[in-house]
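Novice: Protein chains in written order, with UniProt numbering: chain A, 1 to 287; chain B, 1 to 675; chain C, 1 to 99.
Certain hints may be false.
Simulated restraints, written as ranges between beta carbons of each label pair [stated by the list, open to error]:
| no. | chain 1 | residue 1 | chain 2 | residue 2 | range |
| --- | --- | --- | --- | --- | --- |
| 1 | A | M149 | B | S673 | 52 to 60 Å |
| 2 | A | T115 | B | A630 | 35 to 43 Å |
| 3 | A | A148 | B | Y651 | 24 to 32 Å |
| 4 | B | Y651 | A | A187 | 29 to 37 Å |
| 5 | A | R29 | B | V633 | 39 to 47 Å |
| 6 | B | G637 | A | L17 | 30 to 38 Å |
| 7 | A | E90 | B | S613 | 26 to 34 Å |
| 8 | B | G637 | A | K175 | 48 to 56 Å |
| 9 | A | T158 | B | G628 | 29 to 37 Å |
Because the hints were derived from the structure by calculation, they are not lab data.
This one's a predicted model, so the numbers in the text were calculated from it and none came from an experiment.
From the three backbone atoms N, C-alpha and C, an ideal C-beta is built for every residue, glycine too.
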Amino acid sequence: MTASTGEAVLFWCLAPLMVVAALSLLFARKAVHAAIAVMFVMVSLAVLYIAQEAPFLGVVQVVVYTGAVMMLFLFVLMLVGVDSSDSLVETIRGQRWIGVLLGLGLGVVLVGVVTQATFPPATGLAAANAETNPVGLARILFGDYVFAMEVVGVLLITAAVSALVLTHRRRLTPKRGQREIADAKVAALPDGGRLTPLAAPGVYAQNNAMDTPALDPQGRPIEESVSRILRIRGQERTAESVLEPGREVLDEHERRRGVLVPRADDADEHRVVAAPQTPPQTSTEEG
Amino acid sequence: MSMLLSPSAAAVLLPAEGAAVATDVVPGPFLAAPFLVLLPMLGAAILLLAGRRSDRWGAWFGVLMSGGAFLVGLWVFLSMAGLPADDRVVDYSMVDWISAGSLDVALGMRIDPLSMTFVLLVTFVGTLIHVYAVAYMEHDRDRRRFFAYLNLFVAAMLVLVLADSYLLLFVGWEGVGLASYLLIGFWNHNRAYAVAAKKAFVMNRIGDIGLIVALMLMFATFGAVDFSTVFAEVPGASTALLTATGLALLVAACGKSAQFPLQAWLGDAMAGPTPVSALIHAATMVTAGVYLVVRSAPVFEGAPTAQLVVVIVGAVTLIFGAIVGCAKDDIKKALAASTMSQIGYMILAAGLGPIGYAFAIFHLVTHGFFKAGMFLGAGSVMHGMDDQVDMRRFGGLTRFMKVTAITFGLGWLAILGIPPFSGFYSKDKIIEAAFVPVDGEPWRAWVFGGVALIGAGITAFYMSRLFFMTFLGRRRWNDGKGDVAGRGAQDGPVRHPHESPALMTWPMILLAVGSVGLGFVLNAGGRFVTWLEPVTGHAEHEEPVLPVALLIALTLALVALGIFLAWRQYVVTLVPIRAPHGSVLTRAARRDLYQDDVNETLVMRPGQYLTRSLVYADKEMVDGGWLGLAGGVGRVGEWLRGWQNGYVRTYGATMLGGLVVIVAVVLALTTGSAS
Amino acid sequence: MELTNYVVLATILFTIGATTVLLRRNAIIVFMGVELMLNATNLALVTFARIHGDLTGQVLAFFVMVVAAAEVVVGLAIIVSIFRTRRSASVDDVNLMKS
Chain A
1 MTASTGEAVL FWCLAPLMVV AALSLLFARK AVHAAIAVMF VMVSLAVLYI
51 AQEAPFLGVV QVVVYTGAVM MLFLFVLMLV GVDSSDSLVE TIRGQRWIGV
101 LLGLGLGVVL VGVVTQATFP PATGLAAANA ETNPVGLARI LFGDYVFAME
151 VVGVLLITAA VSALVLTHRR RLTPKRGQRE IADAKVAALP DGGRLTPLAA
201 PGVYAQNNAM DTPALDPQGR PIEESVSRIL RIRGQERTAE SVLEPGREVL
251 DEHERRRGVL VPRADDADEH RVVAAPQTPP QTSTEEG
Chain B
1 MSMLLSPSAA AVLLPAEGAA VATDVVPGPF LAAPFLVLLP MLGAAILLLA
51 GRRSDRWGAW FGVLMSGGAF LVGLWVFLSM AGLPADDRVV DYSMVDWISA
101 GSLDVALGMR IDPLSMTFVL LVTFVGTLIH VYAVAYMEHD RDRRRFFAYL
151 NLFVAAMLVL VLADSYLLLF VGWEGVGLAS YLLIGFWNHN RAYAVAAKKA
201 FVMNRIGDIG LIVALMLMFA TFGAVDFSTV FAEVPGASTA LLTATGLALL
251 VAACGKSAQF PLQAWLGDAM AGPTPVSALI HAATMVTAGV YLVVRSAPVF
301 EGAPTAQLVV VIVGAVTLIF GAIVGCAKDD IKKALAASTM SQIGYMILAA
351 GLGPIGYAFA IFHLVTHGFF KAGMFLGAGS VMHGMDDQVD MRRFGGLTRF
401 MKVTAITFGL GWLAILGIPP FSGFYSKDKI IEAAFVPVDG EPWRAWVFGG
451 VALIGAGITA FYMSRLFFMT FLGRRRWNDG KGDVAGRGAQ DGPVRHPHES
501 PALMTWPMIL LAVGSVGLGF VLNAGGRFVT WLEPVTGHAE HEEPVLPVAL
551 LIALTLALVA LGIFLAWRQY VVTLVPIRAP HGSVLTRAAR RDLYQDDVNE
601 TLVMRPGQYL TRSLVYADKE MVDGGWLGLA GGVGRVGEWL RGWQNGYVRT
651 YGATMLGGLV VIVAVVLALT TGSAS
Chain C
1 MELTNYVVLA TILFTIGATT VLLRRNAIIV FMGVELMLNA TNLALVTFAR
51 IHGDLTGQVL AFFVMVVAAA EVVVGLAIIV SIFRTRRSAS VDDVNLMKS
């Protein structure tokens, strides 16, 4: 039996494209391009399977390879860094020539084997696929190969568990839960810690910006409400610049400020402001 | 060598003549015999295992164990004396020892007059020397260890003489060798002493090889190594085999008894404490060779050639030891040379056949007494002279140590063979026996008799020299009061000679009593010869080539001449403090007649060259070969390691290369076969 | 058209996969080369099944797919864990076993 003309056309259309796509594995600088090319090869293979009277395998090929395996590949590629492009410069001396030589040698030898071999006249699968291809496969799979089927199931479970184990990360420090955080906050109170969350930066009727401090009930600006980064960079804005109409309140505040005992946080802030030359630090703020 | 039957050889045909056959019926009192060995063995074990804890009582415990063995021996001896002569040879087989294939050896004792003679000698003299050593070793930190070794020696010696098989005898033989080694090297912190111990050990090993060869020959021929079987089968064995066995046994005897040519170790063995020299290297262990020859009498009776060699060895050693003894200035080494010479007499007698066996043992017993006595005397002198051994530094010691001088003098008279001292009875009999003619070979009587006779004269000279130089003549040591002799006696350390304590003098006195009376008592009515007859067989008295009276007269005349010469040279004339250059013979004798040099040249040096060349060959050829192979493998590995560069892609390339090759080969084969 | 063409296509794909394994350093691409080799084998198996008229070849291909899936899971897990510790997905960096 020989293939039909339609099949021949299909083959001759697909086969060169597949080879070219496969070659991109060798030459693609970016792994993602290679992955896309391989996906094309696999889908093409699925088409060829269906053409070769193996519709079930064709479907499985699409589902398993293109749908699962290659997605996994892409996922890992994203994880590792999709932008990273490989250098194609060889680092092991002679490896490129050895690889090319061996690849060519293997190709020549295998093609030699295929052409040397005498195949029996093709019988085709019309008889075997009489009850449809999936049924024929199922008879063999759950007949002769039922034990192998079970073993493959075990293999899959093992692989899943092993992937879990391999990617599992050991916790190096004790877990810090809600309770631990609350306890730590209480313990830090004597040193000037605070229980409540920080106030949000200033939200006013006409102005709303990250760099403006909020006001407390007495009308004093709460300097901690501005992001520490901004404060260290010296990019915060003073309350006066946005609070023109409320000047008396501010005056009141300025007046009382000399009377009031400065808080620990205030002292700290003054020190920071007094040393504006401090180089910008990277964020060490938690959360 | 003529195979003509000599009278002694004729006795082979009648082995049972006079000699009793061993019985397996053990009389009641004999059941105590194992305690002979067990007591001193226990002593040694306890003293060695208890360690320093037993330091306080160790010495007397050793004496007790040895004395206990003596009492047991006395009890067995007395009960044996009560038996009829034919029942006195008893094989007391205790347990199966080795049962391997056709070899079946029992652990057993042969209790007969010969072994009992040795038991009494060993335990009696041994106990006396134990007592002596209590005082002699008093200031030694390791006195307890010393007594442990002494007990070990007594036990091993008793195993040796009581064994009922050559194999058990070999155990005792090695045991006494070990004890001897340990005791010679007792002060092994002194390198020379340790070397002396090693020398004795190594030379004894040569003798042991002889005994092992004899054991193998017996096992190969008779399939047994116990005395009864071997002696019963001897008449059927070939002369050549018996000669080989006899010579092997003789080698063993030579090693243990310091006979020519294995005598070189005895002089150096004097490195041990003096009680050791007295017990092991004079009275008992060195006579084990004589015991072996006499015990193996049936073997030697069947091998006249071996017997002749025994006699020759005895004669050579006799003269050899006597000559060496004349030149030694070290009192202990002079006594050692004398021991060698006297054992030469015994070996000579033992080689003469049935007429000599009893006299060999007789001389052995008397010699055990007087020589042990003299060694103890020498020890006493050393004790008084702060361990000085050079006789040229003695002189006139009689005034200071009377008991020592008198007991030593009695031993001196005994070894000279002056009647009625014990040496006279034993040595004179040997000289007479040596003069007994051998059919067909008349030269033997004249040669060996003459040697024995001349040996007696030389013995008289060197023993007198020793006695005179030590106890008589002028003082040649520094008493710190002035130079009496005017010969430089004032140099050297000041000595205060004094008599030794009673613990040391009493053993000497008892041994001196033995030196005086033992010969007469044992000889009276041929008592000793009759006593040994169950073992050695009955020998008809035969007339020597010269009348007995003339022989006695000749011997005494030579002895008198020897004494006179010694008197003239060492009492009348002043003895120089430094040894004069001396004649060629004197210088040779001082160096043991160059025996050490001969040994070194003939054996030691070639041996060392051999071992060195073997080591060289081993290093260069064997090691070199293997190391080269290993190096080659290593270099191949180095090269291969280059492939193991850790890059998974290289490994992948290797695998793929293999795959390509395999497929190509398969392809080539299939296309080849298809076409 | 002869069915042998499918087999030749399979060998070419297999060779490209093998060469990828030898030449590329990115572990993920190397892994894709392995997958390509497995797929090439599957194509050959399906073709043989058709030539012989026996579905066993297809069953075998099915098993290959399942095993390949398992392999991908484990292999990618290994790559991820290596990347997490070494910040690299190059197979040449994984040579600690050497000396």
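Novice: Could you work out which of the previously given hints the structure breaks and list their numbers from low to high?
Specialist: 1, 2, 4, 6, 7, 9
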